[in-house]
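Asks: Sequence:
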Amino acid sequence: NQYRYLNMQHKEKPPEANLTELIEFVLLDFADVPHLRWLLFGLFSVIYITIVMSNGIIFLITKLDPALQTPMYYFLGNFSFLEICYVSVTLPRMLMNLWTQRRTISLVACATQMCCILVLGATECFLLTVMAYDRYVAICNPLHYPLVMNHKICIQLVAGSWISGIPVQIGQTFQIFSLSFCGSNLIDHFFCDIPPILKLACGDTFVSEMLIYIAAVLIVTIPFLLILISYSKIISTVLQLPSATRRAKAFSTCSSHLLVVFLFFGSATITYLRPKSNHSAGTDRLLSLFYTTVTPMFNPLIYSLRNKDVTAALRKLLLKKMA
Numbered sequence: 001n002q003y004r005y006l007n008m009q010h011k012e013k014p015p016e017a018n019l020t021e022l023i024e025f026v027l028l029d030f031a032d033v034p035h036l037r038w039l040l041f042g043l044f045s046v047i048y049i050t051i052v053m054s055n056g057i058i059f060l061i062t063k064l065d066p067a068l069q070t071p072m073y074y075f076l077g078n079f080s081f082l083e084i085c086y087v088s089v090t091l092p093r094m095l096m097n098l099w100t101q102r103r104t105i106s107l108v109a110c111a112t113q114m115c116c117i118l119v120l121g122a123t124e125c126f127l128l129t130v131m132a133y134d135r136y137v138a139i140c141n142p143l144h145y146p147l148v149m150n151h152k153i154c155i156q157l158v159a160g161s162w163i164s165g166i167p168v169q170i171g172q173t174f175q176i177f178s179l180s181f182c183g184s185n186l187i188d189h190f191f192c193d194i195p196p197i198l199k200l201a202c203g204d205t206f207v208s209e210m211l212i213y214i215a216a217v218l219i220v221t222i223p224f225l226l227i228l229i230s231y232s233k234i235i236s237t238v239l240q241l242p243s244a245t246r247r248a249k250a251f252s253t254c255s256s257h258l259l260v261v262f263l264f265f266g267s268a269t270i271t272y273l274r275p276k277s278n279h280s281a282g283t284d285r286l287l288s289l290f291y292t293t294v295t296p297m298f299n300p301l302i303y304s305l306r307n308k309d310v311t312a313a314l315r316k317l318l319l320k321k322m323a
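In the UniProt record's numbering, the protein residues as written are 1 to 323.
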């Protein structure tokens, strides 16, 4: 099949081929299952449309509904917009590859895609941390909440989440693509992610791997630990609430956020922090699908179906449209 042919073709290439000679890569994505091509195209098309529409609706209602003009929903609106950006970096190209069977991607486009994924992934880590901090202040220090989480602070926290990861991730992308690549230019993945790109690098990649671990600790591990600390204090406070109704409401709000946190951070941590010897193309693809596709798809369901304010705002919007 095409997958074997590409492998044979590139095995014939001389190992001396380096980055200056390499001008494009080949994204194999699902080339090893050509009989599932149209099924996968249909499935991922539906997933992409669902993600864009559902997150778009949440973004819209958090901006338009007066009842949702609070810090929690301000962060949720930004989070939904981020998910649309995040999934739009990978899925449209994968759909185009499935449709046209032209899997080549230029070196610049590959680096740009990787950089965007890393920057948006860092933003998601920071924004989830900000959302956990917001819940911590609201539940543990309710009297100080209006002062601590005022509009100016909310804007600064969101802006910081979007901007903080940019220098680190641009530097990391530049460092990875400054490596020499020899032999094959086949990327056994559906987008330009770090593990499959590093597999194509020749020579010593120790420095690159160490920098990836450091970046992953700073951007993934530390925010995750801060979220766990916030929620340990939140749970401790909630358990002391006298009213069972208030306890149930607090747990409902927090459990939605925690579910998203574990889905995203779990798959991202395993992808970037597990030993190189444990990396396999199939596992990398599966894990990447979780943090780039599954999480953005389930976020609106997790937040809207478990949140009475969001469902009420959605019902109000639908009634307006139908009137």
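A few of these clues could be false.
Taking lysine-lysine pairs in the DSS-like style, the calculated list, with each CA pair at most 25 Å apart, reads [to be verified]:
{"no.": "1", "residue 1": "K233", "residue 2": "K63"}
{"no.": "2", "residue 1": "K308", "residue 2": "K249"}
{"no.": "3", "residue 1": "K308", "residue 2": "K320"}
{"no.": "4", "residue 1": "K63", "residue 2": "K249"}
{"no.": "5", "residue 1": "K63", "residue 2": "K320"}
{"no.": "6", "residue 1": "K321", "residue 2": "K152"}
{"no.": "7", "residue 1": "K316", "residue 2": "K249"}
{"no.": "8", "residue 1": "K308", "residue 2": "K321"}
{"no.": "9", "residue 1": "K249", "residue 2": "K233"}
{"no.": "10", "residue 1": "K63", "residue 2": "K152"}
{"no.": "11", "residue 1": "K152", "residue 2": "K320"}
Just so you know, these hints were derived from the structure itself, not from any lab.
Asks: If a hint holds in the structure, say so; if it does not, say that too.
Replies: Hints versus structure:
1. K233 <-> K63: Violated, at about 30 Å.
2. K308 <-> K249: holds (10 Å)
3. K308 <-> K320: holds (18 Å)
4. K63 <-> K249: Given that 25 Å is the threshold and the Cα spacing comes to 23 Å, the pair holds.
5. K63 <-> K320: holds (16 Å)
6. K321 <-> K152: Answer violated: K321 to K152 is near 33 Å, above 25 Å.
7. K316 <-> K249: Holds, at about 22 Å.
8. K308 <-> K321: Status holds; Cα separation ~20 Å.
9. K249 <-> K233: holds (16 Å)
10. K63 <-> K152: holds (16 Å)
11. K152 <-> K320: Given that 25 Å is the threshold and the Cα spacing comes to 31 Å, the pair is violated.
The structure shown violates the earlier hints numbered 1, 6, 11.
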